[in-house]
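Number of protein chains: 2
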Amino acid sequence: MSVESFSTKSRIASPGEGIGLDELQLAARNHGLPLEAMRYDVTPAGLHYVLVHYDIPYVEPAIWELTVAGCVERPLTLGLSALQAMPAQTVRVTLECAGNGRATLTPRPVSQPWFVEAVGSADWTGVPLASVLEQAGVSSDAVSVVFTGLDHGVERGVEQDYQRGMALADALADDVVLAYRMNDSELPPQHGFPVRLVAPGWYGMAHVKWLKSIELIDHEFDGFQNSVAYRMRTEPGETGEAVSRIEPRALIVPPGFPDFMSRIRFVRPGRVVLAGRAWSGWAPVDRVDISTDDGATWTPAILEESPHRWAWRRFTAEWDAQPGEHVLTARAFDSSGRIQPEVAAWNRGGFANNSTQKVAVVVTDG
Amino acid sequence: MSVESFSTKSRIASPGEGIGLDELQLAARNHGLPLEAMRYDVTPAGLHYVLVHYDIPYVEPAIWELTVAGCVERPLTLGLSALQAMPAQTVRVTLECAGNGRATLTPRPVSQPWFVEAVGSADWTGVPLASVLEQAGVSSDAVSVVFTGLDHGVERGVEQDYQRGMALADALADDVVLAYRMNDSELPPQHGFPVRLVAPGWYGMAHVKWLKSIELIDHEFDGFQNSVAYRMRTEPGETGEAVSRIEPRALIVPPGFPDFMSRIRFVRPGRVVLAGRAWSGWAPVDRVDISTDDGATWTPAILEESPHRWAWRRFTAEWDAQPGEHVLTARAFDSSGRIQPEVAAWNRGGFANNSTQKVAVVVTDG
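If you read the sequences in order, they're chains A and B.
Taking our numbering, the leading residue of the first sequence gets 1, the next gets one more, and so forth.
Taking our numbering, the leading residue of the second sequence gets 1, the next gets one more, and so forth.
For reference, chain A alone in the conformation it holds in the complex:
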């Protein structure tokens, strides 16, 4: 009896294959942001998306320790109170799962099946990672930083603690924190209690939860989550580009009210203020267009200012809703020149897919 022989391989669904019970098991465990909750600048507890690869580990905060080792001059072991005694920083961050958008891809990669709801914004408070690394003294041969969580499981036959590497320069960037508070409360268990990494701008897989160790190494990290999972491949066996920063995306809060089962939206005719949120991990969003005719014509939305570089921006647009069926959609532009496409390029992992949202709306006769 070995874990390899019972572990599920990576797989693409057959044409027309419905969502499997394996995918549904993940959807039932993990959870997305109900889109109406985008009305909150900061996502309330329990509405922020959660993706947990294995189980949520139970951690006793009194005995929790974080080790900092490897290519450092002074290896450290920090308890929670030691970490909390260091100068803290709070950063508002929009976090998105790298697999957001996977459920409607054709063909569909078999994994956690998100539509577009794997997102949330929170205020994360913690110690700048740079401060901890400075205390440890980074050796001149350090190249990468490896973050290891207390979550343990098997993936495609490989038993592992969840572990991600990050280039040293990225790890030392401003606003990267070892967070121990979320929205001014202690971290909920599912968000990494007692301490997680928050690396603004990066997709969720980089924000290692339930941190137990930080190791500096003298080469690029080639562990499972960096070199096997979270690569953008179109053919099996390719090396593929690493999944990294969040592609630009705009999401509209579905207006009106829904049908329970289809989630089609019903809107009364007349003036409607459409609102939504847009973000990018590459550069600030500087324009959002909105369309009420499925992308045939576009109008610039009003984009609200925000002092929070790493958080979504609110946008609004007026719509004179006339009876009939309509498809609402929006697209985000960022100041790096990236434009959200109607259909993003497909890859076998279903990663970084920022195809535009489609909101089916029926405007009633009265």
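No lab work stands behind these hints: they were computed from the structure.
Beta carbons are placed, not taken as given, at the ideal position from N, Cα and C, and that holds for glycine.
No farther apart than 35 Å at their CA atoms in a straight line, the calculated lysine-lysine pairs in the DSBU-like style are these:
1. A/LYS9 / A/LYS212
2. B/LYS9 / B/LYS358
3. B/LYS212 / B/LYS9
4. A/LYS212 / B/LYS358
5. A/LYS358 / B/LYS9
6. B/LYS358 / A/LYS9
7. B/LYS212 / A/LYS358
8. A/LYS358 / A/LYS9
Distance windows between CB atoms, simulated:
9. A/VAL228 / B/TYR40: 30 to 38 Å
10. A/ALA169 / B/ILE12: 53 to 61 Å
11. A/VAL158 / B/PRO341: 35 to 43 Å
12. B/SER14 / A/THR104: 16 to 24 Å
13. B/PRO300 / A/GLU241: 51 to 59 Å
14. B/PRO15 / A/ASP294: 32 to 40 Å
Chain A is already provided as a structure; the job is to place chain B on it using the hints.
This is chain B only, laid out in the frame that chain A set:
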């Protein structure tokens, strides 16, 4: 353009039909309890199950009002501070969705597709409903109490505010509260902020969230959620029995660690303490049996005492895990004589299904 023509009808999936994108949309919005979180007596925020029929309404607490009207001597309008000024009561309640267990039924009713995770336990603090009704003065002709929420949508062609009726005697029962705190914090939006009904022992559909009105009527309530939805029917058109109290159920915390995709569990050989939770809305659970051979043989688990009548009880059992494949299962008994069946009777809504859980475990060689 009318809501009727765009609303989805009730439907049973065809044999072999995979989970549809409509079902997945509900699974992505709503969320279950990751079973490892049963380790907590009280479910932390964000891990408790949530089922929202329409959208989560946004409520300004300063202008929120609750009306109490109908067959009463003194109709009331209560603001939040007035309600909070009344003597409060806290009750620990295990809440379960009436549709828990639906996803694996054959044939499968098409609706929110839960496996077994639509459950959670919380401390609800609020005003006893009986106190509010006493203040209003219940007229002698009152028969039912109708609770209306601020959530609005369409279901099987019927546009509605979410609304449930309850017999007056049930509404006046001890421990029924108008709750404004959950786990000693204000209610999260998704759990009914600012005020919801909590009716211990009843399936979730009775615990109306985002309450706006309470109306006493002189007849049995025949609204949609009582007379159309939430009935146990085996054939269309039957009246069907009303869904009411929670059937007994025991759930084991899956031991060991999971495979990401299949969620199969891996356990090291040797002595394992299995733990879980059991509850019933009819009467206290007084026995739990556990089986490590898929129900071929059963052993009584150790059932922990609990002062909380309406909350789940913890159980444990030792297991000498030998290498190989095993299926763990448990069954709950309550003091009303109800016994959790291996396969509960099917109905078209997939309601009140308390078939036993099956946990597939691979015990490794070392």
